[in-house]
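Colleague: Here are the chains, one letter per residue:
There are 2 protein chains.
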Amino acid sequence: MLNPECMRIVIIGSGNIAHFFTPRLQENGHEIIQIFSPNPENAKLLAEANNIKHYTDDLGAITQDADAYILAVKDDALKALNEKLRFENKLVIHCAGAVALDIIADISRKTAVIWTLYSIRKNNLPASNHIPLIVEANSDEALQGAEILANAISDRVLTTSFEQRQLLHLNAVLVNNFTNHLLAIAEKLSGEHQLPFDILKPIIEQTFSQIQKVSPSESQTGPAIRKDEVTMQKHLALLREHEAWQQIYKDISTSIQQTIKK
Amino acid sequence: MLNPECMRIVIIGSGNIAHFFTPRLQENGHEIIQIFSPNPENAKLLAEANNIKHYTDDLGAITQDADAYILAVKDDALKALNEKLRFENKLVIHCAGAVALDIIADISRKTAVIWTLYSIRKNNLPASNHIPLIVEANSDEALQGAEILANAISDRVLTTSFEQRQLLHLNAVLVNNFTNHLLAIAEKLSGEHQLPFDILKPIIEQTFSQIQKVSPSESQTGPAIRKDEVTMQKHLALLREHEAWQQIYKDISTSIQQTIKK
Chain A
1 MLNPECMRIV
11 IIGSGNIAHF
21 FTPRLQENGH
31 EIIQIFSPNP
41 ENAKLLAEAN
51 NIKHYTDDLG
61 AITQDADAYI
71 LAVKDDALKA
81 LNEKLRFENK
91 LVIHCAGAVA
101 LDIIADISRK
111 TAVIWTLYSI
121 RKNNLPASNH
131 IPLIVEANSD
141 EALQGAEILA
151 NAISDRVLTT
161 SFEQRQLLHL
171 NAVLVNNFTN
181 HLLAIAEKLS
191 GEHQLPFDIL
201 KPIIEQTFSQ
211 IQKVSPSESQ
221 TGPAIRKDEV
231 TMQKHLALLR
241 EHEAWQQIYK
251 DISTSIQQTI
261 KK
Chain B
1 MLNPECMRIV
11 IIGSGNIAHF
21 FTPRLQENGH
31 EIIQIFSPNP
41 ENAKLLAEAN
51 NIKHYTDDLG
61 AITQDADAYI
71 LAVKDDALKA
81 LNEKLRFENK
91 LVIHCAGAVA
101 LDIIADISRK
111 TAVIWTLYSI
121 RKNNLPASNH
131 IPLIVEANSD
141 EALQGAEILA
151 NAISDRVLTT
161 SFEQRQLLHL
171 NAVLVNNFTN
181 HLLAIAEKLS
191 GEHQLPFDIL
201 KPIIEQTFSQ
211 IQKVSPSESQ
221 TGPAIRKDEV
231 TMQKHLALLR
241 EHEAWQQIYK
251 DISTSIQQTI
261 KK
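Chains as they are written, first to last, in the UniProt record's numbering: chain A, 1 to 262; chain B, 1 to 262.
Hint data in this document are derived by calculation from the structure and do not stem from the laboratory. A few of these clues could be false.
Claimed, not checked - With a straight-line cut-off of 30 Å between C-alpha atoms, the simulated BS3-like cross-links for lysine-lysine are:
1) Lys188/A to Lys201/A
2) Lys188/A to Lys227/B
3) Lys234/B to Lys122/A
4) Lys201/B to Lys213/B
5) Lys201/A to Lys213/B
6) Lys234/B to Lys201/B
7) Lys90/B to Lys53/B
8) Lys201/B to Lys227/B
9) Lys44/B to Lys84/B
10) Lys250/B to Lys79/A
11) Lys84/A to Lys234/B
12) Lys213/A to Lys213/B
13) Lys74/A to Lys250/B
14) Lys201/A to Lys188/B
15) Lys79/B to Lys234/A
Fair warning: this is a prediction, and the values are worked out from it, not measured in the lab.
Chain A on its own, in the form it takes in the complex (with noise of 0.2 Å):
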């Protein structure tokens, strides 16, 4: 039976994740009681810093005497770790936000992912509660399992389906990739014109500022949505040198116009 109150967990991975999960779930009454790394140096690091006795390098040495497992590694891990990890009946859980929970199915039969809908950065760790947690599980009782661990560690977590998650994954890139790159085009354009970028930076503030109050269907501006043509045409012939962009500015624009007349 499980303790809800203190699970025994071992963490699979010494990256971002791990260092964010470690200290959240042990102060919150959880127990890390081992850490493992293919690299001994880095294992060894994330278990001093959160007075955590066994960490290992190999696979083999990992404890079948836990309660959960989560797997912190990158995506293209986990396919060899189903299949070289057992853990019987217990709840393993991986943390990949675009990865389907079948992708662990060999090593349990209780699986759950716990992702976080966040850029994590281990030198950086958030100080908030609130970064959001995304559950999914294959059974009503790894739900329960996984829950009980996301709550420990953020006030906000959301229980999806497989195609809900995909979903979130992709607002996230939308959100999060796609507008960096939009950043990076106005930064390199103000570059090549001898322009700071700087200059933009309390418009790019407002722009994400406005959210908070004003649903982003609603505050759309600019030349696309008043069909101003003589604007757009001048906007494609300053990009004429950068074929990918213009295309960019023509694909959003044509949205901007389908999108809002719906």
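Following the hints, position chain B against chain A.
Modeller: Below, chain B alone, put in the same frame as chain A:
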């Protein structure tokens, strides 16, 4: 001769920019001697809110006795003003980021632009003194006058060429209008999948606070830059009913891969 400590100014327009510029110019020693708006009620409201005695809705009643005329009107109203207004050799300033200076060439021989690189809303005027203003002028004399006024409004004034100003306008579209559209897509997709848009707000905020510390070119993450084709195909499949959004996904992913390669 201009008195740089106290210029006598007519504000033509009663919208967001007129509401922003009027009190700031007054607070910094300049005198607003008249307000014009085609809507008499709006002219009166702006004048009375700022203790300005003279206001009118009659273009013909605008005094010739000012040092500078600020045309704070919509882009497409400038052409009509150019046909109707004549202020000899007085400083005449328009405020439209994407519009060339010569659109007001018939009004005066001394013309300039003061463009606010920020979205100003009269009901929520910024308190900051760092709202970027972009200045351009058709002569040294016009530039001197425009810079006096711009510096009275903000301590973040940048003088540029027309090409640079257009580029900044394009950049503002990229970092404001286009990023906002990506957020709007994520919001709509969330709704379609019964997910709260709110759960994305921490990562949205993270994206844009990140640029205070790291150049966006250097902080690019996501499936495109990792060349994670499996995840990208899953995301495109999730967008199968939204052709325009699929196109944006493909183009930005391609551009991320090309831009970083360079």
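Colleague: Mind checking the alpha carbons of lysine 201/A and lysine 188/B for me, to see if they're no more than 30 Å apart?
Modeller: holds, 27 Å
Colleague: Quick one, are lysine 79/B and lysine 234/A close enough, alpha carbons at most 30 Å?
Modeller: holds, 18 Å
Colleague: Taken at face value, is the distance from the CA of lysine 213/B to the CA of lysine 201/B at most 30 Å?
Modeller: holds, 19 Å
Colleague: Holds or violated: lysine 201/B and lysine 227/B, Cα atoms, limit 30 Å.
Modeller: holds, 26 Å
Colleague: Between lysine 234/B and lysine 122/A, does the CA-CA distance stay at or below 30 Å?
Modeller: holds, 28 Å
Colleague: Is lysine 188/A within 30 Å of lysine 201/A, Cα to Cα?
Modeller: The given pair, whose Cα atoms are some 14 Å apart, holds under the 30 Å limit.
Colleague: Mind checking the alpha carbons of lysine 44/B and lysine 84/B for me, to see if they're no more than 30 Å apart?
Modeller: Status holds; Cα separation ~22 Å.
Colleague: Quick one, are lysine 74/A and lysine 250/B close enough, alpha carbons at most 30 Å?
Modeller: Satisfied, since the Cα-Cα distance of roughly 24 Å is no more than 30 Å.
Colleague: Is the straight-line distance between the alpha-carbon of lysine 188/A and that of lysine 227/B 30 Å or less?
Modeller: holds, 22 Å
Colleague: Straight-line Cα separation of lysine 90/B and lysine 53/B no greater than 30 Å?
Modeller: Roughly 22 Å separates the two Cα atoms, so the pair holds.
Colleague: Holds or violated: lysine 250/B and lysine 79/A, Cα atoms, limit 30 Å.
Modeller: Holds, because 27 Å separates the two Cα atoms, which is no more than 30 Å.
Colleague: For the pair we were handed, lysine 201/A and lysine 213/B, check the Cα-Cα distance against 30 Å.
Modeller: holds, 12 Å
Checked against the numbered hints above, the structure violates none of them.
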